[in-house]
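Each chain, written out:
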Amino acid sequence: MDIVRAPYKRTRVIASQGEDLEQHIVTPGDVITQNLDFMKSHGTALSHDHICATVAGAVYKVDKLVSVKGVNNRYRGEIGDVVVGRITEVQQKKWKVDAGSRLDSQLQLTSVYLPGNISRRKTLNDELMMREYFTEGDLVVAEVADVGNVDGMLKLHMRSNKYGKLPEGVLIKVPSVLIKRSKLHFHRLPCNATVILGNNGFVWVGPHFSPDQPIEPFTLNSRETIARLCNVIKALAAYGVQLFDTIILTAYDISMKYKVKELLNAEVMEHVAQESYEHSLHQNL
Amino acid sequence: MLGTLENSIRVRPISSELSILGNCDGSARVKQGNSSVMVGIWGPVEVKQSKEDPEKCVIETTVKGATGQGSPLDKMYEEAVRQTCEQVVITSAHPRTCIQVIVQVESEDGAILAVMKNALCLALMDAGLPMRSMFAGVSCAQQENEELMWDPTAEEEEESTAQYTFVYENSRNNVIYVHCTGESTVEQYMLALQKSRQVATEVFGFYRESFEKLLRKDVKFQMLLPPIIKGEILEEPE
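Protein chains in written order, with the working numbering: chain A, 124 to 408; chain B, 26 to 263.
You may find that some hints are simply not true.
[Said to hold, decoys possible] So the derived list for chain A, only partly shown, Cβ under 10 Å to chain B, looks like this:
(1) Pro-151
(2) Gly-152
(3) Asp-153
(4) Val-154
(5) Ala-168
(6) His-171
(7) His-173
(8) Thr-177
(9) Ala-179
(10) Ala-181
(11) Asp-221
(12) Arg-225
(13) Phe-341
Hints listed in this document are in silico derivations from the structure and should not be mistaken for laboratory results.
A quick note: this is a predicted structure, and the numbers were derived from the prediction, not measured.
By construction, the Cβ of each residue, glycine as well, lies at the ideal position given by its N, Cα and C atoms.
Produce the complete structure using the sequences and hints provided.
This is how it looks when you write it as structure tokens:
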């Protein structure tokens, strides 16, 4: 494979819905409407008796609600979302978790199942043991229990066996809009790997694991599977394809004709993304 | 670009690149002639407790010169950048957070403060931070024969008797920041203030163009639901 190659132009894989329409694009400070019967939503503000845009983007309207959607947005959580995050700090009775939102999320000691008795009062001893459970740099998976209404800080909980610390694996960060919402975000794939699609855009790929069993050492095969899955997910995300279990599997199968490292090539990435997207369209029809 | 100015006003060609840094929330590079500035923005993110403000977000700025270590002049630029940010960004929207702004001067050839402000505005928009309005920086130098020269090079700045940098915002077309050095009279100052506004209007047009280009090729943006179409006027709610 060539290491150096000519610049390659990315083409759009997915069919855009508003391609032919000229969108109503605004920049900060532009007046959207003077009619104050409309309700302001994200990206708009009242200034001098007009509704003005505060971000650059396209104007959306749902009945009376006007909003502006731009390009870059940090993840704003919703209750019930599954998120993958990294512990940044151990504080008194709580952990701080970086889950890609505006503020670091909070994980209270009381909202975690500790080993042994499934729900009990947390004692001082538990508090002293906090670093034993999760320490700085650990990857965890949790659910959003609450979203702060002033600052949007997420409060996480782990009151289920499926949540907890993640073992060795790979973390991929993709834009959070690319994660398709579904009932299941934990996928035990038949190719002998587990994928967790966090709603916050953090995707974890690793070997199968269960909380009470020790993890088997990596084999070369499972390493390769994980690396392939990672490259496939990156390829899909680079071309704006929404991620869910079947499309990842389809893309994985399509990618089998390439070597793992060939999947880093832009042409191959596009081909994989394109084919799996078309495949998923046919299945839905 | 910048074609509708009156004949006496000449500016160097301006170009921009958006979303160039992968790890930032927003970034932009603006080039005006041989002056080039890159701005990266992280935010809103967690802030140290000692700096935290319960009512608004804190803005931290760093300015790095093209060469050498930090100078007092860089500190002045840092303050200038922070002031403009605080005026324009709706800081009350994200309490208890911090916005980090890093300005890197890549090459310096006059009008550097104006280029910084232009790059800053594009980076803020790219980061999707809520802003009251856009802003544009305009530099001009007054020569010995009292003629004004817009967007001067370093050489022209050296020869001039006074330099002005104005920053205009687009919602009411007001001046939000002024920086002057040298000697001039009130009349000359007023004239420069008036005429620079035309340049600012052109720069706003340039911002818009660069953003429309960015939005059209952005995959995430195209995935969102169809927005309302241009020309459809929001008059009566349904």
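The hints, checked one at a time:
With a cut of 10 Å, the hint placing Pro-151 of chain A at the interface with chain B holds, because the nearest CB-to-CB distance is about 4 Å. Taking 10 Å as the C-beta cut-off, the interface hint given for Gly-152 of chain A holds, the closest approach to chain B being about 3 Å. The interface hint given for Asp-153 of chain A is met, as the beta carbon of that residue sits about 8 Å from the closest beta carbon of chain B, less than 10 Å. Against a cut-off of 10 Å between C-beta atoms, the interface hint on Val-154 of chain A holds, since the closest Cβ of chain B lies about 8 Å away.
Hint status for Ala-168 of chain A relative to chain B: holds, with the closest Cβ pair at about 7 Å, below 10 Å. Contact between His-171 of chain A and chain B, as hinted, is supported at the beta carbon level, the nearest pair being about 7 Å apart and thus within 10 Å. Hint status for His-173 of chain A: holds, given a least beta-carbon distance of 9 Å to chain B, under 10 Å. Hint status for Thr-177 of chain A relative to chain B: holds, with the closest Cβ pair at about 4 Å, below 10 Å.
Against a cut-off of 10 Å between C-beta atoms, the interface hint on Ala-179 of chain A holds, since the closest Cβ of chain B lies about 4 Å away. This hint holds: Ala-181 of chain A has a C-beta 4 Å from the nearest C-beta of chain B, less than the 10 Å allowed. Hint on Asp-221 of chain A holds. Least Cβ distance to chain B is approximately 8 Å, under the 10 Å limit. At a threshold of 10 Å, the smallest CB-CB gap from Arg-225 of chain A to chain B is about 5 Å, leaving the interface hint in force.
The closest approach between the C-beta of Phe-341 of chain A and any C-beta of chain B is roughly 28 Å, which is over the 10 Å cut-off, so the hint fails.
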